[in-house]
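Once you have looked at the hints, place chains U, L and H with the ligands on chain X.
Protein chains in written order, with this note's numbering: chain X, 1 to 329; chain U, 1001 to 1319; chain L, 2001 to 2518; chain H, 3001 to 3339.
Just so you know, these hints were derived from the structure itself, not from any lab.
Check the hints yourself; a few may be wrong.
Using 30 Å as the maximum straight-line C-alpha spacing, the simulated BS3-like pairs for lysine-lysine come out as follows [stated by the list, open to error]:
no., chain 1, residue 1, chain 2, residue 2
1, X, K209, L, K2081
2, L, K2321, U, K1209
3, L, K2191, L, K2027
4, L, K2330, U, K1179
5, X, K183, L, K2110
6, U, K1008, X, K115
7, L, K2140, L, K2115
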Amino acid sequence: MKALLKQKEFSVLAIVIIICVILSFVSPVFLTVGNWMDILEGNTVIGILAIGMTLIIITSDIDVSVAALTTAVAVSIGFMFQYLPDSWFSVVLIFLIAPLIGMLLGAFNGILVSKIQIPAIVVTLGTLNIFSGLVLYFTNGNYINSTQFPQSFMAFSNIEILGIPILIYLFALVAVSTWFILKYTLIGRSVLAIGGNAQSSTRVGINFKKVKMFVFTYMGFLGGVAAIAQTSYTTAVDPNGLMGLELTVIAAVVLGGANIHGGRGSIPGTLLGVLLLAIMQNGMILARIDTFWQNVVTGAIIVIAVSYDEINHRRNQAKLANIDVKEAS
Amino acid sequence: MTNIKLSKESVLGLIALAIFVGLSLFTPGFLSSGNINSMMFQLPEFGLIALGMMVVIITGGIDLSITYIAAFSGVGAALMMTNGFGIFPAIIVGIIFALACGAFNGVVVSKIGVPPILVTLGTMVLFEGVILAITNGNAISGFPDAYSLIGNGYYLGIVPFSLVIFFVFTIITGLLLNKSTWGRRVYMYGSNDLATLFSGVKNSKVLMKVYLYASLLAAVSAIIMTSRYNSVKVDLGSSYLLQSVAAAVLGGTNIHGGYGKVMGTIYAVLIFQFIRNGLNLMGVHSSLVDVVIGAILIAVLTLNFFSDKLSRQKAKAAS
Amino acid sequence: MSDYILEMEHISKTFPGVKALDNVELKVKQGEVHALIGENGAGKSTLIKVLAGVHEADEGGRYLFEGIDADIHRPLDATLKGISIIYQDLSLFPNLSVAENIYIGRDSNKKPWTKINWKSMKELAGKALDELEMDIDLNKRVELLSIAQQQMIEIARALAFDSKLIVMDEPTSSLSSGEVEKLYRVIDKLKERGISVIFISHKLKELFRVSDRFTVLRDGQFVGSYDVEEIDEQQLIKRMVGREVVYENNTQKAAVGEKVFEVKNFSKEGNFKDINLSLYEGEILAVTGLVGSGRTELAQSIFGVNKADEGTLWLNGKDLKINSSEDAVKQGIAYVPEARQTQGLVLEQSIVNNMTLPVIDALRNKLKLIDRKVEKELTEQYIKSLDVRPSMPDLAADKLSGGNQQKVVIGKWLSAQPKLLIIDEPTNGIDIGAKTEIHKLLRRMVKEGIGVIMISSELPEVLSVSDRILVMSRGRIAGELNTLEADQEKVMNLALDTEEPEDKRQPEGAESTVHQEV
Amino acid sequence: VSEESAGSGGDEEADGAEETDNTSEEGNTEEAESDDELEIAVVPKLVGIPYFNASETGAEQAGEDLGVNVEYTGPTEADAAAQVKVIEDLISQDVDAIAVAPNDPASVEPVLKKAKENDIHVMDWDTPADKELVDLSVKQVDDEEFGRHMAEKLVEAMGTEEGEIAILTGGLSAANLNSWIDAAQSELDENYPDIEIVSDKIPTDEKQQVAYQKTLDLLKSYPDLKGVLAVSTPAPLGAAQAVQEKGLQDEVSVVGSALPTDSEPFLEDGSLDTAVLWNPEQLGYLTVALGKMLAEGEMPEDGQEIEGVGEITVEDDGKTVIMAPPQDYTKENASEFDF
Ligand SMILES: Nc1ncnc2c1ncn2[C@@H]1O[C@H](COP(=O)(O)OP(=O)(O)OP(=O)(O)O)[C@@H](O)[C@H]1O
Ligand SMILES: Nc1ncnc2c1ncn2[C@@H]1O[C@H](COP(=O)(O)OP(=O)(O)OP(=O)(O)O)[C@@H](O)[C@H]1O
Ligand SMILES: [Mg+2]
Ligand SMILES: [Mg+2]
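So here's chain X without its partners, still in its complex pose (with noise of 0.2 Å):
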């Protein structure tokens, strides 16, 4: 079932390899464990936003309020902490009340998008605007570092199991929960399934508009998840620290394979994205790139991974429509 999914992972994961090899040859360190270590830990926050869109690109939709959300709940978090006492309970209260601010923000989207009608990028669009206006507003740009956090939560961020980092332990929560939903549960199958055909899906009881909401809902839980994790990575709260984060997170999703047209999209493969271009940011100072050309680099190679892809996928598809024709007698 997954032949054609799998090649689309594929070619993400032959870039992947192919720049690793490269890096590893032009850097020692790059394929040390410690380096690994600080490039997964690094980019939990865009891995698990990543994994959020993944769900929204697979329904062909998009949110480019992503990171103007995860940033408005990380500023809820700064503005508790002042208020919880230093004790493990106020570890366990921000998991229960980040994920639930963030759920409410990314329901408001669901509702404009699924009930009201109006095209998903429209609304985030919108929202982002909203969100960090009023953010910048309330904060006044200021940071809230770790003098005002709670020592619990500091210890929280410092917790090491097995010398792994405990973001990096979230980051596989969140991802193999996820795939557990899309994989398992019905709510994922209707995710895939409205994307795949929106009019069937209606036709066969799945409740379009519910699903919508189920993805941004969910977009939203896990931007509050991210937030935490931002919070606890920087130990500090900086309201423009994910200022234009939502087109790194949705160029990681679609370098993985999701396709923005909808039905298609895989948890690994976004892994994948994820890994390509962090392993791209963290090669470029490996590698010794000249500064001003690491862009350059970075766009060519983004565009050459979509176009490789592209063209990829046509011959697969060329390939669909064969005819056993018949030899010469």
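This is chains U, L and H with the ligands only, laid out in the frame that chain X set:
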């Protein structure tokens, strides 16, 4: 069924008018000649980019690289002038730089068939990188005085010259879209590209021209901007990117393609202009201006939804 | 208590500006196969959509299922009551597996977090496919299947549902004859089990083969319901169209003139090979064969959308260089595709815009701008000569019924004044009335000097319309017949490929199973 | 990409932030009451970052102390075009003086000309605009001095005059960051030829997190790295965070421009050696004070004592005012400041 019904665009025009009147009444200084004047100067650069974005959106695409195309074009013109060439060759080079970018987008979109949002996401980073590599991130400035007339001078002593340019390109865009065969094909392609292919339309040619035209508008905008600001840097006009998408969509352009009117986009650009200017004059915190813009975008589309629903119910009741 | 499982009475449905159904009645008995017939735009599909909860009927109707008020407001309600619909345009998920496609919808009323049991899903899907004697990998994605196989998946889904009433809207329009036979057997089985079937089709013979009762609609109105014993084909047609229609075979060979068009050594890997054909002035050349024999690919290669690997074209004394559809149109070749809605028309756009699309360059005034007036006049002229209804040039094409849409597509090409018209499945899904009109039109074009190549799978059509028949089989031309000497048997003998493919691997296509054409 | 001059990566204390709000509210009410008061507009590169918030606090305070109306407004992104629009709107409001911290000096030239034509006094602050055009130029420090000073501090912290160092910057296109970096590089070239800068300046998007990740990569890529010079306020914090995490306080020195309160946690354990900056609140205050003088037709003099700021330097041209020499914040003194 054909009772007098205002088009989406006219309603938007009325909204723009209402905002204008409201602000004139309640915001001191809004209606002052100085303020009207400065709004006339501010309008063209953004309006041109929004028109370019609209044309791309009508084909069901999007051009995320458009502001970097503008910046690149500005860099081209600036380099020429700072190297002693005249204004005219500089403008030509600026336009050529932009068209080169547009052609690159066009080829990848139309020949390879990569979805525009992906192509331009990549070229956005790519063009930015190329500008950085050329300028090392520094601003280029110091243009001849005559050049600054394009963005700062007046036609006949009252109308900003840039506004005249904008007006001319608005008309050209309107004519091309509504009266030229290319424009017809753009709309048809935007609705169903397979059907145009099966009608003998060379889709790649249509698309190629779309990206070239958008980049031409970006170049014109860049010339006005560089002339107005007397300088160019990698982020020239970058804040117009998402705004131009918002303006096109607020103006009624269908984000999935097939529909979009010049007048709608112009009204949307006016609305944005009035709101920003008015709120600034009122001393509203600039973050809140963004909030208002976002809210208007959502509010207008929500209103559209409910009025559509209402008219559908009416039509039903009538028959 | 009646023995009707479904009773719909006084059903009306108004779309803005169109009364699609007007006081219609449909009553279906337990365990019967009930045919719903009517011309294009008569309202069959609309009635089915009301039945299914896709559309809500206007007030005042009565809709009972199993004797009680059906209370169906959305598709899920119908599904839960045991009503399955196989829509004209299918309802599959190309990105999901066969098993998922068959199973989907069964648990639409369950909680969203319910876990999917892949094992039981596959078991169930496997059983349904067995019943249809289909052997398809359950894990295969549906987009990899042929159209015919996809149609069968849709039927398997309805079977798997344990439905009490299954509606099939033109299920056979894309099936090969073998699969059609299979479908008949399945319908017989359903009948034995007491399941009711509503069957929509434009193929009358087929209807007489499977149906117990007919309900006829005309222009959104109920004409009547009849037992199969009490009515014959001619009477049925009369009731559908309100007049008598005679389907006459072409008995007179056209006076053949000069050669106008020639295809030489055309080949495209994986599509067709060594195609040579000629078209003479004054004749209609039919290209027929089984589904998947490569006719569409050949036509599209001539038209330039699918470039051939090798071979040359010759038209009216000139060799042609065709790299794109644009070139083809410029050289005077027109192509009416088989997929009317996706390839033939820009549905959201007006009739004018569609009709003038290929010739728009010629409709410019001195300023090189489109001359709206000329454009409109031209369109109105073709609307009139083709009798497109309603005759409103500014109406969006998606508001037209299938037959009228086809007329617009043909009008589009007439306005381009082509030298050669290739028309692919011209009457697929079109009612008898419109069908004969289109056939007459083809005749008229030939008389006016346009070369016509008609691709069709419907043998009666081929035999009645064409002058000469080319039969394709597995990407090659298997033979040529003069229509006057041809009959269905001869055509089928050529179309059936007796040789087995060397590669025994089952190709994606549906061409493998071979039965008699109807 | 935002590129504020030396935007604070800092954390205003919670009560500090509240204070800001209060003052601005009061400012607004004042505005409504008195129409005949002088109106001084102060335009930062962008609003909503800590550094410019601190200047705002100072500016509003000066407005209150000196009895002038202060309009502190700017774009939400450090975009030259957006900033020009703000200035144009201010001209429409007919203020008495406009002080601008240009995102791109050249791009504000035409609009400043226009302001002058409308009889508005124009000045620049934080980052210089075209010298010919402005009536007064307020500089927090001397750019050349500042850059060289940071380089010296870095060498001092490294304790050696040879080895590899890297330079982080807020953004590649920020003019004043570039001029500091250029000055620092000249200082190193001229006086410490054995110090090698390993790569071009590395942009950090004005984000602590990016500076952190880039520094981690640098530390891996150049294991012999001895020092990091981080220009733009979030950058030193990110660099220090990386050094702290890897426990390299003793091997790698970090020096850069940052606010003392933000730097404190890193100064404590030596992951950040010295933060060099000036007092942004004072800068805001001085800007308004000088704006008032200008509007009243006076010019400052060299060595003049400005209340609330201290003694200022006026350069030979008579219109470039330098607030104070750069200030070093270290482990020892950082806790004494509240910005
Ligand atoms: N959504 C709609 N909006 C407006 N008119 C519609 C709509 N759907 C159908 N119609 C109109 O209703 C009438 C009946 O259409 P319907 O599709 O039911 O015909 P049909 O009998 O199924 O024809 P065919 O044999 O071509 O499939 C047609 O005139 C059609 O144009
Ligand atoms: N859209 C499609 N997706 C997948 N397979 C397709 C598609 N269209 C055609 N095919 C497959 O391509 C093969 C050739 O089909 P094609 O339509 O050319 O045959 P044909 O001889 O024209 O028959 P017909 O026109 O009756 O379908 C068939 O196996 C068919 O299943
Ligand atoms: Mg129908
Ligand atoms: Mg075909």
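Against the structure, the hints come out as follows:
1. Pair hint K209(X) plus K2081(L) holds up; C-alpha atoms about 22 Å apart against a cutoff of 30 Å.
2. Taking the CA atoms of K2321(L) and K1209(U), the gap is near 24 Å; set against the 30 Å cutoff, the hint holds.
3. For the hint pairing K2191(L) with K2027(L), the CA-to-CA distance comes to about 16 Å; that is within 30 Å, so the pair holds.
4. Our distance criterion of 30 Å between C-alpha atoms is met by K2330(L) and K1179(U), whose separation comes to about 22 Å.
5. Of the pairs offered as hints, the one joining K183(X) and K2110(L) holds, with about 17 Å between alpha carbons and a cut-off of 30 Å not exceeded.
6. Proximity of K1008(U) to K115(X) is assessed by CA-CA distance (about 21 Å); at most 30 Å being required, the pair is judged to hold.
7. With a C-alpha separation of about 21 Å, the suggested pairing of K2140(L) with K2115(L) holds against the 30 Å cut-off.
Going down the numbered hints, you'll see the structure goes against none, and every one checks out.
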